[in-house]
Structure formats: C-alpha cells, structure tokens
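Novice: The chain contents come next:
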Amino acid sequence: MFHRPAHSDAETVCRTIVLSAAAALLIDSRLIAHTVLMDCVQHRVALAVDPVNIDVDVELIFGEWQSLLQRRQMDRNGDDTVTSEEQAAYERYLAGTLIEPLSLLIDGRRLDLIPLYEPSVDLGGSNRTSLSGHQVRLSYFARTPSWLAAGSRITLSDRLWTRQPALSFLNVTGRDGFRLAVESTDPVLSPWATGGPRLMQARCTLAGGPVAPRVAAAAVASRAPAAGLEPHLLPTSSHRGAETGGGRPVGAVLLVIIMAALGAVVILRPTGLSRHGGQH
Amino acid sequence: MRTTLTILSGLLCASLGASPAPAEAVNAAGLAGLLSREHAHLFDPAGRQVLNDLNRGLREAEEQLRKATAEGDKKAARDRLEKGKADLIALLGKCPSLMRVTLAEGRLTPPQAGFVTLPGDRGAVLICLDNGPGSIQFVTAQQDLTEIRGERAVVAVRGIGPGSNWILISLTGVPALRTTLALAFEANQGQPVSWPIDLISQDKARLKIRILDEDGKPTPAMVRLTWATGGDVDVRPSNAVDFSAQFDSQGAATSHRIMNIPGGLWGYYWVVPGPFDMVVPAGEWRIMVRRGAEHVPVQDSFTTTSNQTMEKTYTVKRWVDMRKLGWYSGDDHVHNRILSDDDARRLMTYVKAEDIHLANIVKMGDIYRTWFEQRGFGKEYRVIDGDYILSPGQECPRTHQQIGHTISMNITSMVRDTDKYYSYDWVADTVHQQGGLWGYAHVCGPAFHVHRDMSVSIPQSKVDFVELLQFAHLGTDLFYDFLDLGFKVTASAGSDVPWGGTVGEVRVYSCVGDGEFNADRWFEGMKKGRTFVTNGPMIEFQVDEALPGDEVRVSGNRKLRVRARAWGDPARMTPIKLEIVRHSEVIRAQTGGNGQAEVKLDFELDAGCGFWIAARVSAAEGLSAHTTPVYVVREGLRFWRPEAVSRLTDKTNGWLDEIDKIVAEAKAANRAGKVETDRAVKQLAVQGDDLLKRVAAARKVYAELKDVAEKEKETRARAETPK
Numbered sequence: 034m035f036h037r038p039a040h041s042d043a044e045t046v047c048r049t050i051v052l053s054a055a056a057a058l059l060i061d062s063r064l065i066a067h068t069v070l071m072d073c074v075q076h077r078v079a080l081a082v083d084p085v086n087i088d089v090d091v092e093l094i095f096g097e098w099q100s101l102l103q104r105r106q107m108d109r110n111g112d113d114t115v116t117s118e119e120q121a122a123y124e125r126y127l128a129g130t131l132i133e134p135l136s137l138l139i140d141g142r143r144l145d146l147i148p149l150y151e152p153s154v155d156l157g158g159s160n161r162t163s164l165s166g167h168q169v170r171l172s173y174f175a176r177t178p179s180w181l182a183a184g185s186r187i188t189l190s191d192r193l194w195t196r197q198p199a200l201s202f203l204n205v206t207g208r209d210g211f212r213l214a215v216e217s218t219d220p221v222l223s224p225w226a227t228g229g230p231r232l233m234q235a236r237c238t239l240a241g242g243p244v245a246p247r248v249a250a251a252a253v254a255s256r257a258p259a260a261g262l263e264p265h266l267l268p269t270s271s272h273r274g275a276e277t278g279g280g281r282p283v284g285a286v287l288l289v290i291i292m293a294a295l296g297a298v299v300i301l302r303p304t305g306l307s308r309h310g311g312q313h
Numbered sequence: 006m007r008t009t010l011t012i013l014s015g016l017l018c019a020s021l022g023a024s025p026a027p028a029e030a031v032n033a034a035g036l037a038g039l040l041s042r043e044h045a046h047l048f049d050p051a052g053r054q055v056l057n058d059l060n061r062g063l064r065e066a067e068e069q070l071r072k073a074t075a076e077g078d079k080k081a082a083r084d085r086l087e088k089g090k091a092d093l094i095a096l097l098g099k100c101p102s103l104m105r106v107t108l109a110e111g112r113l114t115p116p117q118a119g120f121v122t123l124p125g126d127r128g129a130v131l132i133c134l135d136n137g138p139g140s141i142q143f144v145t146a147q148q149d150l151t152e153i154r155g156e157r158a159v160v161a162v163r164g165i166g167p168g169s170n171w172i173l174i175s176l177t178g179v180p181a182l183r184t185t186l187a188l189a190f191e192a193n194q195g196q197p198v199s200w201p202i203d204l205i206s207q208d209k210a211r212l213k214i215r216i217l218d219e220d221g222k223p224t225p226a227m228v229r230l231t232w233a234t235g236g237d238v239d240v241r242p243s244n245a246v247d248f249s250a251q252f253d254s255q256g257a258a259t260s261h262r263i264m265n266i267p268g269g270l271w272g273y274y275w276v277v278p279g280p281f282d283m284v285v286p287a288g289e290w291r292i293m294v295r296r297g298a299e300h301v302p303v304q305d306s307f308t309t310t311s312n313q314t315m316e317k318t319y320t321v322k323r324w325v326d327m328r329k330l331g332w333y334s335g336d337d338h339v340h341n342r343i344l345s346d347d348d349a350r351r352l353m354t355y356v357k358a359e360d361i362h363l364a365n366i367v368k369m370g371d372i373y374r375t376w377f378e379q380r381g382f383g384k385e386y387r388v389i390d391g392d393y394i395l396s397p398g399q400e401c402p403r404t405h406q407q408i409g410h411t412i413s414m415n416i417t418s419m420v421r422d423t424d425k426y427y428s429y430d431w432v433a434d435t436v437h438q439q440g441g442l443w444g445y446a447h448v449c450g451p452a453f454h455v456h457r458d459m460s461v462s463i464p465q466s467k468v469d470f471v472e473l474l475q476f477a478h479l480g481t482d483l484f485y486d487f488l489d490l491g492f493k494v495t496a497s498a499g500s501d502v503p504w505g506g507t508v509g510e511v512r513v514y515s516c517v518g519d520g521e522f523n524a525d526r527w528f529e530g531m532k533k534g535r536t537f538v539t540n541g542p543m544i545e546f547q548v549d550e551a552l553p554g555d556e557v558r559v560s561g562n563r564k565l566r567v568r569a570r571a572w573g574d575p576a577r578m579t580p581i582k583l584e585i586v587r588h589s590e591v592i593r594a595q596t597g598g599n600g601q602a603e604v605k606l607d608f609e610l611d612a613g614c615g616f617w618i619a620a621r622v623s624a625a626e627g628l629s630a631h632t633t634p635v636y637v638v639r640e641g642l643r644f645w646r647p648e649a650v651s652r653l654t655d656k657t658n659g660w661l662d663e664i665d666k667i668v669a670e671a672k673a674a675n676r677a678g679k680v681e682t683d684r685a686v687k688q689l690a691v692q693g694d695d696l697l698k699r700v701a702a703a704r705k706v707y708a709e710l711k712d713v714a715e716k717e718k719e720t721r722a723r724a725e726t727p728k
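Protein chains in written order, with my numbering: chain S, 34 to 313; chain U, 6 to 728.
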C-alpha cells in the first residue's frame, strides 16, 4: 500500500502525472515485456437472442496494470483510495463516454445497440489504487429484427479499449426458439493491441420464435451497407472517431498517456516504482 | 420534533463521520434499469416483466431522441419518453412496499417511516416524497451499512427537488433483525430532514446441499449459487475452497473461477469440496452444479423460507466415461503454487471438482524471475489421489515480444538458465533427457510470436506438442502449416489458469489403453501423440487400426479404412458436426440432425502418396474438438502436402527473417546503450548469435525440404500413375 504525507494540489497533479507516466511506461510491453498478461483487458461478451430482444452483455476484466491506470482515473483526489462516490462518478463517466462502442450487424445490416443498464464497476474487494484487477460490466440491447433467420450471421464489432492487449471471448445463447453458434472471435487472443475493432461472429442456427413481436427491418436498421463492402468498414460519423482513434475512452486514455509521458520527460525522476510489485 | 430530528441528523452526519451514500438524480430509465437489474423483488412477476419492458422502451426512446434531428422526430421521442415515465410512475405506485411521505415547511409527514422488510442482508427502499408543487424527480442512493462507522447510521439522500420525488435507496450489508436508520433528505437547500426508518431483515433460512457422484458418494464439484430474489446475487458456498493465494497475485487471482465455454455453462463457479450447510436469505435461488466435460451439469431452482431448512441432494451423472475407453483427461497449463500439503490438497480438490485426471502444474518464469513455486519436480513430487494427479512442470522460457512461450511436462528439475534463455533447443533437449515432454503454449492464438521459435525448433524435431485449444478457441493455422510441411506435432490443450478461466475448461485426452491409469502412461500417450483436445464433445478416430499419433506405413497405394465418431452431451451439444481433415482440407463431413448427439463416418480412402489426416468436431454454441493426426506414410515419401511446400517454406523463412530482424534490432539498441534496463532485449542481443545459428540450421532444413520436394516429384508422379 502507498503511504504518503498530505500534499498540495500542485503536488498531486505532478504526482499523478509521474505515476501515470510510470504506469504508462510499465504497460508498454515492449519496454517491460514480462507483464504482458497483466496488461490484458479480457473482453467477455455474452450475446443472447430471443424473439423480441438481442441482449449484449460485456464484462471487461482489467489486468493488474490496466486496472492501475483506470483506478488512478477513478481516484480523483489522489488519496489512493477509490471511494464509493468516486466509483459512482467513474461509472457515470463510462455511461457518458461509452456510446456506441459496439456494433451489431445481422447479415451485414446494422442494428442500433442501446444501453440496457448503467455501467457498473466491481473493484474486486480492493478499493486501493494498487495492483489488483477490476471488472466493468456493460449491458446493451437491440430489438430482434424480422430478418433474423436460421443461417443469419451475427457480427459484433468491439471497439472497447482497442489500444490495449486483449483476450476476447464470445458466448451465445438462444432462447424461446432461437439457437446460436459461435463462428469466430477475431482475434481471440491479441496480446498486442490492434487499435482496430475486434470482430466476433455467431451464426443463428435456429430461429423459431414468434414473428409478431419482432421489429420490422425499417424500424431498426440504421444504415444499409454499400454493396460489396463489409458494413463495419463504413463507420458512421459517430463511429469514425472510434474506429480511427479507438473511441472516446481510448482517446482519453491515450491523452492521459501522452500527457503523462510528456510530463515524465520533464519531471520524471526515479520514483521507486518497482518493476514487479509496482509499489512505492 | 422537527428541530430535534434536524439537529439529530446534522449531528450524526457531522460527528459519526458516516460516509454519505452516493445519491443522484437520475432519469426514468436510470431508475427503471436499477430496479429491473437489482431490485425486481419489489414487484410481483407480472410487475417485473412490465418493468423490464419499460426500461427497454424508455432507453429506446432516449436513443431515438439522441439521434433525432427533425423536430417531428424529437417530439415523437419526447412523447414516448413522457408516456414511459407515466407508465413507470403508475407501476411504482402499485409497488407493495412503496412508502409515501410529504415534506412541508421542513416537516415530514408521517414523521417516521415505520418498518420495511428486506428479503435479506440487501434490498431497497422505495419512497415517494411529495415536496409540494413542482416536477417529478427520480433519485437513487446506495449505502453499504458495513461502511458506516459508529453505532448509528445516517443515509444521506441528496437531490430532493420541489414536486414528487421517487427515491430508491439500495442497501447492502444490512444486519440481521431490526436496524434503525435515519434517512437524511437534503431538500430545499436547507438542513437535512431526518426520517427514521426501521429495516427488518427477513429471518434467514438454512440451506443444506449435498452433491453426489454416480456411486452415491459425496464429490467435489463446481457450484454457482445465485440468490435471485436479491437481484441475482452470487453467493459463496460456506465451504468453498480458497486457493487464491496460490495464484501469487497473478492474473485473476481468485477462487471464484469463470468457465470460458460457449453456452449456458459460461459463468462463475466456486470449488465445493463436499456437502455444505449454511444460513442464507429467504427467497428464490438458482444453483448450477458441474463436474468437468464428461458429466451432465445439474441446474435447479428452489425457494428458501425463513426459519426453515431446505435440503437438496444433487447427483452429477456422466454422459460419457472416457476412462472406460482408455482415454484420460489432462490440462497442460495450470499455474498454481504448491509449497505444502495444504496447498496440494486445495488444488487437488479443484482438479477433482473439474474432473481433470492429470494436471500439469507449471511453475512460470521469464527472463527476470519465476512464479508459482513448487516443492520439487519429478515422480516423488507428484500428488496422487485415486486417479487424479498433479504433476509439476514449467512454463519457461517465455518471451513475449520475441519467440513465444513454452511448456514442459514430466520434468525432474526446473530447466532454466537465463544466460541461454533464447536457446529453446537446449531446454527441449534437457527436458527430453529428463524423460519429459516439451512444446509450445498459446499456439491457438497464436500469441507471443510463438510462430518464430516453432519455425526454428519444429524442423529440428524438438517439439512434442502444441496448445491447440485455449480460451475457448481452437486455432489450427500454425498446426496445419507444420503438418503440411511433414512435421509431426501433437495436439494439446491448457487452460492457463489464472489467466484462463478454470482448470479443464479446455482439456487434452491422452490414450492410456486398457491398462491401469498412472502418470507415466498418460505421458506415454502424449509422447505417442495419442491425443485429442476438446472443450466438450468427444472424438474417436482411427485409420485402419492406427490411432491419432500413429503412423500407417504403406509401400504402395492401397485402401485405408477411416472411422470416426463424434458425440456429445445430448442436452447441450447438438447439432454436432464431424469433419475429416486431410492436408488442411475437409474431405468428409457429417452433421447430426437436431437432437442427434452422435455422428459417425466410416469410409475408405486411397493411401496415395501419404498424408496426415485428423478428425475435428464442432458442436452447438461453438464447442470444438480436434485430434492429433494419423500419419499415412508412403515408403520413400514424406506425408506432407507437396503442393504447399514452396509456399510454406517461404512462410517459415519469413518467420526466421523476423528473428534475424529482432536480433539485429536488439544488438543495435545494445550498442547504443538503450537496453540496460530491459533484460529481455539485452539478453537477446547478447545471446542473439546462438539463436541465429539455430535459425541458420532451420533455414538449411527448409532448403533441403525444397530439394526433397523436387526429388519426390518423379516418385509421386510414378506412384500416382494408374497401372
């Protein structure tokens, strides 16, 4: 645990910059390679389809280094403890920034994914800004379109934390007459950040649900892809930033890293942040 | 009275240091979502469904409003939101536990809330506070009562505005029996107005669970216990094994393990060693009990009643017993510290709960240090309990940006020398001298540039196995490439716990035949390549009488009989598809019909000029399995895919080029003095020449292979010419 005397706001800012820089340097696996798996963000995506709704639950499990970065972000007053209020503020921040981080396509036609619940954070029993993982849970839904049929391909494009190494998992469930099978997750294991969306695909193998509640195509399809092009390559204006820059949260993280690195160039001095323990 | 309460609450807030509950004004969707996800118990089943629909409808309308550009569209969205809000209020008004209170002139009426019964140690209080004329507000607050210091508790509720305030207070850590709280409403920019409330935590129930195997004996098992009434709260069984410290704070260092498997079994589980008996909240419960891939998972739901005991006995039955067919499950990649008998006992319970017969417990290292210490290596350090074995191994060397991660099994000592850390061949040779097996981790990804050392060591015949299945993903690209070049490689699988989900979520089966199972025989099966990997369905595969890993030697073209069977748990592995893969291409496939959990193929095939041939399976929801190939070897010819040799040697030479490049870069960085703090790169520079010698040797093999391919052309042409 960290033990430090009280400090001024300016000191806090400087300290945050230095620590963020150190953390940023530490998570650069090219510099400190042995921490790679601690740098991963696991993306566990569960897709459930019934005759009315398609639910997409995302559980992001942050490895130790990634978690440290996020905890620093949560810990607004820099006292190395994430209070309930700080956690709630971070959850609101996620709700405000994680807009359209996922795209859902069925047979190439895009559906609007709508937040179903507010993002929630589980700090895993430790509210300190130390090396321990944490989880973020996000929930979305779309209305099941009338054209979803046996044989339909469901594609999820995941743009969450695209700049961070990832382990990706897709779980699918069909209910009330629907049945699904995972086709691929691409890539399932990408310890090297790609910067681009991660694609996960499933196939609908059975679609026996009642038709009536299902929503007509025109009501939900926000954009039809151009012929011959994969729809995910056609970002809408709101997606474009995400696809080129990894989305606002990623941009924010990058900004922090860049600022931190700049800060580090100017003021970094040996911090004693150990290679293995990350403690001061 | 008013003054007293105000002063009381102010004093309490100030003097007790109570952490104020985060309270905030939310919109209708925010309240509906919170109610729907966490506090649906406030409503009856019909009300829950309405709530769920309302939440979705409100959020859809919000999205509609966010995207609308035309005024007409905006109005439609706003109207829809207003309608949803009105419907929500109507629903809230019918909530049986709703409390109504009026705030006028700083006074609350009624002055005290009275009693609220919570279903357990968590729950919610729903209040409609009428604060005079004004609009409608939705306010949420949450408080963990265990976080409040002192003996009395105040829960601050901020954001109260004029008008009707619908307030939802989420409470956790509520003590048993009666708890008196003060709700401090902060309204009208005045002093907080306190409203005493008594919480009655419903009397607990008692839950006794027994899990039996098919012989009626208690067995360890993986258990997920969910208190549905409290908002799908995961409850830890009272006797759940805690082995989290044995994960050395690495990865997901917890005893609450997730099962990474497609379908309904996905999710978190505890390791339960035997029967448990615990006090639980009353209400609706769900339980999932599972025991590895060969058993049918048990799901149940039940209701516990205050002051009554619920006894449940679950028998976990097998849908298949692979032991009877001579195949025993293993996991080649389990990280766990074993320094004491207690450590061993906990891990053994876990392995038995997942029904993994041989777990390769790997001490991990990189060029800096090691993790997951073991008491020792070799037979004397195996931990054996019936037909379950923990066998110490290693995952080292591991280089992430350079040439990949390696796994060793059945070793007699840790093989690690950081002064020759990039000499993976030395490690392989030493492991083999110890009688062990050596291979690569994460080949299914592929990850950590493992393809680079594969391109070096596989041509030198150093490699016994590769991890083909991991993290729910069967990845065959590299496997097929090297098989197509005529190199034998055995399929293996490992969970990589604690980075992976749970032991045995992917598994490798080794054939030990008819004799008694023991570790040596399991490793012997691995060495022979008599394996298949799976995360659910099972496979049998034979070419004539040859099993996976065997060679069928032919002197001329003749018919071979290919037999394969894929089968799975009928309840969750249909449809099932069986494919026969020869030289990376599917030559036969059979898909079972709906509900058909077994498919077979039995056909004849020309031996031709030889090939590798394997079976693979895909089952419902993305489950998969794959065998090691049978190698059909025609005299004088390799079993490779001749038309791919040129392409594949170019590819592997390209991977060797990558090694040249990283060594050159490391040397340059070293000369420039830039890598003194980066031991991995520093040592790559220092040890690079040795690595490059191995690269050169591999290049020579690939060049020779091209020559062999040329020379074989004539023989193959003759062999393929009809007589």
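Because the hints were derived from the structure by calculation, they are not lab data.
Owing to the predicted nature of the structure, the values given are computational and were not obtained by experimental measurement.
A virtual CB, placed ideally from N, CA and C, is assigned to each residue, including glycine.
Keep in mind that the hints are not guaranteed to be accurate.
If we take Cβ atoms under 10 Å as the criterion, some of the chain U residues that face chain S in the derived model are [as the list claims (entries may be wrong)]:
1) ARG61
2) PHE307
3) SER311
4) GLY627
Novice: For every hint, state whether the structure bears it out.
Specialist: Now the hints, each set against the structure:
no., hint, in the structure
1, ARG61, "6 Å, holds"
2, PHE307, "22 Å, violated"
3, SER311, "29 Å, violated"
4, GLY627, "3 Å, holds"
Checked against the numbered hints listed earlier, the structure breaks hints 2 and 3; every other hint is satisfied.
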